[in-house]
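Peer 1: Sequence:
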Amino acid sequence: MRSILLVACTLLSTLHVASPFTPYLTPGVHRPALKHTRRSHLVPPPSPFLHPTIATTTKLLSTPTPPTSPEPDEYNAKTTSLLIVGQALFIPLAALISFIIPKLHIFSATNLTPLTSPAFLDVAYKGILYTIPLGIFVLLTSSLEKKIPALKQVAMATESTILSLLGSTPRLFTSILFGCLLGAVAGLGEELLFRGCIQTSLSTYLPAPLSLSLTSLLFALGHAITPLYALISFIASLYFGWVFNSTGDLMIPIIAHGLYDAVAVVATHYIVTTKTREERDELRSSFFGLQPPPSPPPNP
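Read left to right, the sequence shown gives residues -20 to -1, 1 to 280 (mature numbering (1 follows the signal peptide of the UniProt record, and there is no 0)).
There may be inaccurate statements among the hints.
Between beta-carbon pairs, the in silico distance windows are [said to hold, decoys possible]:
1) Ala99 <-> Ser266: 27 to 37 Å
2) Ala247 <-> Lys126: 17 to 27 Å
3) Ser265 <-> Tyr105: 21 to 31 Å
4) Ala247 <-> Ile80: 34 to 44 Å
5) Gly228 <-> Arg151: 31 to 41 Å
Here are the computed lysine-lysine pairs in the PhoX-like style, where the Cα-Cα straight-line distance is at most 25 Å [claimed, not checked]:
6) Lys255 <-> Lys132
7) Lys126 <-> Lys255
8) Lys106 <-> Lys255
Hint data in this document are derived by calculation from the structure and do not stem from the laboratory. All C-beta atoms, glycine included, are put in the ideal place defined by N, C-alpha and C.
Turn these sequences into a full structure, and let the hints steer you where they fit.
Peer 2: In structure tokens, the structure reads:
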């Protein structure tokens, strides 16, 4: 009998009997055991935050936004400097043509008031006044951009040019400096060549309207970025030529031309920098054939 009890005790000691405080799988945490339940039910259910079928739809942590690629900045001081130098070459070109062909002398039948003259302030005042109609013309054409797609294309061509020169970052001082320098050399160089040389020479052989029209045609061909842009340049050249014929002083269209270019550069740079990233990417891809940086994927 004693031997039977010893065998029974030994067997019982080898069996696993759940105690009232059988530990769960998590170490150090004890729960009272459920009576009359199978052993598999003693395993705690998984956390709803870890189980995909039980997980709630509320996000505990916000999904990080994918980083956007940095916007390129096209500004390059060398490029802007080269453009100014290129525009300044019209000045020696006009002088060279006048030297080679005396009939194209820039001072023939032309009064060019020097900067040191007492009358220069009056001439400068007239040049500023003659710039106002150009500004009104630009405002009128800008108001029609939504109705005339070709005008919108002209505006985009101008904006893309300024974007390629001054970049997408606001640069007030740089835009003013660049605008003044470009206006000075473009106004002086182009007016010396087209009004001082070509128009003055043609007017000795042709009637004034015809010489003015031919000069403006050459001017438009040099600014034919788009067909409508060439037409607008033709109209602007007619205006500068008319100012020259009306006043007899080449300095007045020089000032009007240069001031218009300077204001246009600063104003267009401001417009470009206030556009959205997508609008500037459209300017890059439309007129320079550049692919805009890839947009980040949408948030899941």
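Peer 1: Now, for every hint given, state plainly whether the structure supports it.
Peer 2: Quick rundown of the hints versus the structure:
1. Ala99 <-> Ser266: 27 to 37 Å: 47 Å, violated
2. Ala247 <-> Lys126: 17 to 27 Å: 19 Å, holds
3. Ser265 <-> Tyr105: 21 to 31 Å: Given about 44 Å between the Cβ atoms, the range is violated.
4. Ala247 <-> Ile80: 34 to 44 Å: 39 Å, holds
5. Gly228 <-> Arg151: 31 to 41 Å: 39 Å, holds
6. Lys255 <-> Lys132: Judged against 25 Å, a Cα distance of about 15 Å means the pair holds.
7. Lys126 <-> Lys255: 16 Å, holds
8. Lys106 <-> Lys255: 35 Å, violated
Checked against the numbered hints above, the structure breaks hints 1, 3 and 8 and satisfies the rest.
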